[in-house]
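Single-letter residue listing:
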Amino acid sequence: MNAADLSTLISRIDFAWITTFHIIYPPLTIGLAMLLFFAEWRWVRSKDEGWYRLCRFFERLFIVNFGAGVATGVTMEMAFGILYGPFSQAAGPFFGQVLGYETITAFMYEAGFIGLMIFGWGRISQRMHLFATANVAISSTLSAMWILCANSWMQSPTGVELRDGVFHVVDWGEAILNPHFLTAFPHMLIAAVELSICFVAAVSAWFLLKRRHVALFQRALKYSILSLIFVAAVQVWVGDELGQTVAETQPAALAAMEGHYETHNPDGSVNSSWNVIGWPNADNDGMGWSIAIPHVLSLLETHSWDGAVQGLNEFDQQDRPPIAATFYSFRVMVAIGGVLLLLALWGAWLAARGRLSVERVTENTWFLKAVVVAGVLPYLAIWTGWWTREIARQPWVVYGLMRTEDGVSHMSPELAIFWFVGFAIFEIGVTLGTIHFLAKICRHGPDVNSPVAFDPHDNDGMAPAGQADHTAAQTA
Amino acid sequence: MHTLSASQQVLIFAWWFALGVSVLIYIALDGADLGAGIFSLFVRDHDERGAIMAAMAGTWDANETWLIVAGGILFGTFPYVYGSAFNYLMVPLAFVLWGIMARAVALEFRHLASPFWQRFSDGVFGVASLTVTFFGGMSVGAVLHGYPMTEEAGRVPTYVGGAFAFITPFSIWVGIASTIAMTLAGLLFVRARFEKDEPIRQDAAKWTATIFYLAIAAVAVTTAWSALIFPWAANRWFGPGIWIWGILFIVSLFAIIQMRRATHQDRDLAAVLWFNGAAVIMGLGMLATMFPYLIPGTWTIWDAASPEVSITTFTLTMGGFIPVMIMYNAYQIWVFRARVTKLAAHAH
Ligand code: HDD
Ligand code: HEM
Ligand code: HEM
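For the record, the sequence lines run as chains L and S. So the first sequence is numbered by the numbering used here: it starts at 26 and just counts up by one. So the second sequence is numbered by the numbering used here: it starts at 111 and just counts up by one.
Be careful, since some hints might not be right.
Cβ-to-Cβ under 7 angstroms is the rule here; a few derived chain L residues that face chain S [to be verified]: (1) ALA96; (2) SER113; (3) LEU124; (4) THR128; (5) THR130; (6) PHE132; (7) ARG148; (8) SER150; (9) VAL191; (10) ALA307; (11) ALA449; (12) VAL455; (13) THR456; (14) PHE462; (15) ALA464; (16) CYS467.
Quick look at which bits of chain S chain L covers, simulated, 3 or more residues with Cβ under 8 angstroms [stated by the list, open to error]: (17) 163-171; (18) 190-204; (19) 268-277; (20) 368-380.
Heads up, simulated SDA-like pairs for lysine to any residue below, C-alpha to C-alpha not over 20 angstroms straight-line [as the list claims (entries may be wrong)]: (21) L:LYS247 x L:SER150; (22) S:LYS316 x S:ARG154; (23) L:LYS465 x S:ILE367; (24) L:LYS72 x L:SER150; (25) L:LYS465 x S:ARG154; (26) S:LYS316 x S:PHE274; (27) L:LYS235 x L:ALA395; (28) L:LYS465 x S:ARG229; (29) L:LYS394 x L:LEU370; (30) L:LYS465 x L:LYS247; (31) L:LYS465 x S:VAL133; (32) L:LYS394 x L:SER150.
For the record, the hints were derived by calculation from the structure and aren't laboratory data. All C-beta atoms in this analysis are idealised placements derived from N, C-alpha and C, irrespective of residue type, glycine included.
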């Protein structure tokens with residue numbers, strides 16, 4: 026491998042590393058903001074203090090996660106220009122524009138409200154606070170929307186024309202509403218909600234196992250498990266839709282995800298068998314070994330008994346993505362999708378038999394343990410989902426139009442390594458810190474004693490500033 | 111590279127202005143946070159350091175977002191600069207990013223940590239603030255030099271000069287100068303945000319005198335040095351428009367003197383505003399000096415702009431979002447305007 030190839034490889038790893046470490050945080054920000062809004066809204070409506078306590082407790086976890094999201098996200102914004110300069114220049118007219126909208130319509134919007142949401146308790150009115158929470162949820166969703174629009178365009182670049190090395194936008198509508206965006210954004214958004222539900226459920230189950238604040242966390246657990254039934258099911262369905270999109274727009278990627286080499290069997294019939302597991306052979310022209318079930322592939326991808334799916338051998342070796350990584354990442358994600366659905370159904374069954382009530386919920390030790398463990402699964406699904414998506418796009422950075430090696434910045438392997446080592450240290454540090462503090466907040470438990478943050482306007486709007494500060498200080 | 115219509119030129123000019131304004135707002139708002147961080151390196155009292163961080167807890171994220179907005183505008187409207195300048199500045203920007211990351215984490219996690227780790231996070235916060243300021247300033251200095259580009263037919267010119275081309279005596283100096291300037295901003299911030307009788311305010315006052323004269327010297331040296339080594343600067347400053355530059359110079363001098371008077375009279379908010387006024391005038395002056403170049407000698411704003419700038423998106427963002435954004439940013443600063451005491455270290 027020559028120096029240029031080596032630096033390209035390391036740049037790819039650099040980028041993969043920082044995105045992998047960024048994507049840990051935003052899904053929880055997005056989904057938890059929605060759940061916090063729900064809890065706060067219930068509180069404002071019913072005046073039931075339980076919702077308030079839950080809201081304040083999960084908000085503390087939210088803040089820690091948010092800080093880490095910002096810390097790792099700022100890097101992302103700059104990293105395109107640093108590591109992928111030529112790509113940024115070429116794709117700038119569309120891709121850069123979209124990221125520009127994101128910063129303005131999402132980050133700035135979010136930053137304006139997040140301070141109010143976190144520190145505004147007792148300083149702004151209840152309604153204003155609820156409004157701030159809603160806006161945090163909306164703005165972080167917008168951010169996911171724009172970033173997915175940009176990424177999806179890299180997967181299915183419609184609406185542009187490559188002239189003089191630059192992607193000129195010929196149709197904004199087509200470029201923004203590109204095929205991948207329409208399915209990948211819902212899939213990502215649901216992933217965020219699913220992750221947050223599982224997170225809340227896992228934390229609640231942990232408290233229930235410890236028999237601390239049972240009444241409070243029984244409520245959180247019940248609501249989250251019951252909503253998971255719906256969310257997990259929809260996710261499997263939307264994931265399948267996304268698979269269809271990949272099949273239509275990136276046949277080589279789909280073939281790699283399924284380890285599918287031959288379109289037709291030697292006898293001329295359609296090769297419809299689906300590899301459950303397996304490993305590609307050394308020549309990369311077939312599976313070395315695999316366990317396969319006939320017809321399933323056609324069913325999955327074409328929704329018909331014998332539909333033909335293009336195999337990898339129809340693509341030049343140099344146009345094929347890495348097979349093993351794509352194949353296994355994809356399987357892990359799909360398996361997790363299934364497991365979470367089963368878990369939700371288990372919970373539904375328990376609920377139907379009255380076993381999730383406050384009196385009995387702590388008896389279900391096995392179920393609670395499973396829920397705690399399941400807290401990490403959505404994280405893993407999101408990682409493997411993104412690895413599938415990004416690795417299966419290779420060797421293209423903009424599918425079919427620009428190769429990754431043409432998009433990376435000119436730099437030496439040493440420099441690429443310098444970057445990698447620096448970010449590896451920082452990002453592992455951020456992650457360990459986050460985990461440590463999340464655990465610490467959980468050990469500490471919710472604060473059920475401080476007075477409920479009072480509404481400055483309940484006091485004829487005349488609350489002395491000092492007193493309001495004091496309340497905020499106590500409850501924050 | 112491509113021919114632009116008149117309306118495109120107007121739009122590009124407007125975006126360029128918006129970019130400059132975002133950078134300046136960033137410097138005005140986050141500069142104070144960064145400077146306070148540098149100052150915190152010299153604060154002995156544990157709770158006082160905590161209180162400095164608590165004083166910016168509600169706003170630092172919004173302040174920092176102006177940098178992201180500037181990055182977004184750069185990528186969206188001037189992608190050719192974004193893709194090449196960041197490549198040129200790869201090393202200093204890596205330090206800036208590590209600094210930003212470390213600061214964010216120190217700010218968010220401090221109140222949760224045990225006293226030992228709090229001391230650690232204070233150190234990280236201070237050093238990270240210094241790193242961001244120094245390397246940020248150095249990047250600005252390096253950009254003023256311009257950089258070499260490839261020339262291949264049919265492709266956008268990309269950066270080729272190697273990773274360390276950014277190191278020059280001048281860029282190092284700009285790093286130092288911005289450290290001085292930001293420290294001054296930080297001192298004014300500390301004075302404005304703490305209760306009048308807090309000891310830390312007195313310490314900050316002692317520092318202000320020295321740093322004030324250092325900052326004046328720094329501005330003078332940077333200006334003189336630029337005039338010496340950059341023909342584009344000298345030509346503009348000493349060309350036919352010399353009286354305009356003279357007026358700008360006098361106005362900024364006036365703002366600086368007003369700032370000094372305000373600190374003497376304990377009018378903290380006024381001091382901050384005069385400081386920001388001076389910074390904005392000088393910043394705009396620098397942008398105007400470089401015009402039409404975004405990167406002197408390398409990219410004019412016309413060459414660097416995306417061929418797809420459109421009136422719709424500009425109107426939406428500038429007419430809609432940016433003003434709204436400024437409004438709630440201001441509201442937020444208003445909500446968190448109260449002065450704090452050392453006890454704020456324990457407030458959340
Ligand atoms: C909680 C997280 C989660 C869960 C349970 C699932 N996914 Fe997923 N999946 C993601 C989270 C995710 C993701 C990380 O959010 C991705 C990466 C990019 C994207 O838009 O969504 C993704 C991408 C992604 C892709 C696109 C790959 C590409 O573009 O190359 C497909 C085809 C699927 N998923 C299919 C599924 C199916 C069939 C699932 C269930 C049975 C499933 N996903 C469950
Ligand atoms: C949504 C916004 C995203 C955008 C715009 C984006 C863009 C990119 C770009 C420009 C590259 C480098 C070029 C290349 O190697 O093809 C890349 C590579 C990569 N990204 Fe992403 N990415 C996004 C999200 C993610 C996330 C969330 C993850 C992981 C969790 C991820 C994982 C990867 C991996 C593993 C690679 C390396 C692929 C390889 O080179 O083999 N990406 N992405
Ligand atoms: C690879 C491309 C990505 C880039 C360039 C990027 C950029 C950024 C930046 C700059 C921030 C900090 C914003 C601030 O200061 O408030 C951030 C945070 C955030 N990002 Fe990303 N991001 C990427 C991937 C993603 C993905 C895939 C999602 C979601 C689906 C996402 C959603 C968010 C959200 C919601 C935040 C704010 C909340 C938080 O920090 O936790 N980003 N991102």
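Tested hints:
{"no.": "1", "hint": "ALA96", "verdict": "4 angstroms, holds"}
{"no.": "2", "hint": "SER113", "verdict": "4 angstroms, holds"}
{"no.": "3", "hint": "LEU124", "verdict": "5 angstroms, holds"}
{"no.": "4", "hint": "THR128", "verdict": "3 angstroms, holds"}
{"no.": "5", "hint": "THR130", "verdict": "6 angstroms, holds"}
{"no.": "6", "hint": "PHE132", "verdict": "5 angstroms, holds"}
{"no.": "7", "hint": "ARG148", "verdict": "6 angstroms, holds"}
{"no.": "8", "hint": "SER150", "verdict": "12 angstroms, violated"}
{"no.": "9", "hint": "VAL191", "verdict": "6 angstroms, holds"}
{"no.": "10", "hint": "ALA307", "verdict": "37 angstroms, violated"}
{"no.": "11", "hint": "ALA449", "verdict": "11 angstroms, violated"}
{"no.": "12", "hint": "VAL455", "verdict": "6 angstroms, holds"}
{"no.": "13", "hint": "THR456", "verdict": "10 angstroms, violated"}
{"no.": "14", "hint": "PHE462", "verdict": "5 angstroms, holds"}
{"no.": "15", "hint": "ALA464", "verdict": "11 angstroms, violated"}
{"no.": "16", "hint": "CYS467", "verdict": "12 angstroms, violated"}
{"no.": "17", "hint": "163-171", "verdict": "holds (count 4)"}
{"no.": "18", "hint": "190-204", "verdict": "holds (count 12)"}
{"no.": "19", "hint": "268-277", "verdict": "holds (count 4)"}
{"no.": "20", "hint": "368-380", "verdict": "violated (count 0)"}
{"no.": "21", "hint": "L:LYS247 x L:SER150", "verdict": "30 angstroms, violated"}
{"no.": "22", "hint": "S:LYS316 x S:ARG154", "verdict": "15 angstroms, holds"}
{"no.": "23", "hint": "L:LYS465 x S:ILE367", "verdict": "50 angstroms, violated"}
{"no.": "24", "hint": "L:LYS72 x L:SER150", "verdict": "15 angstroms, holds"}
{"no.": "25", "hint": "L:LYS465 x S:ARG154", "verdict": "28 angstroms, violated"}
{"no.": "26", "hint": "S:LYS316 x S:PHE274", "verdict": "38 angstroms, violated"}
{"no.": "27", "hint": "L:LYS235 x L:ALA395", "verdict": "15 angstroms, holds"}
{"no.": "28", "hint": "L:LYS465 x S:ARG229", "verdict": "18 angstroms, holds"}
{"no.": "29", "hint": "L:LYS394 x L:LEU370", "verdict": "16 angstroms, holds"}
{"no.": "30", "hint": "L:LYS465 x L:LYS247", "verdict": "24 angstroms, violated"}
{"no.": "31", "hint": "L:LYS465 x S:VAL133", "verdict": "38 angstroms, violated"}
{"no.": "32", "hint": "L:LYS394 x L:SER150", "verdict": "40 angstroms, violated"}
Consistency note: the structure conflicts with the earlier hints numbered 8, 10, 11, 13, 15, 16, 20, 21, 23, 25, 26, 30, 31, 32.
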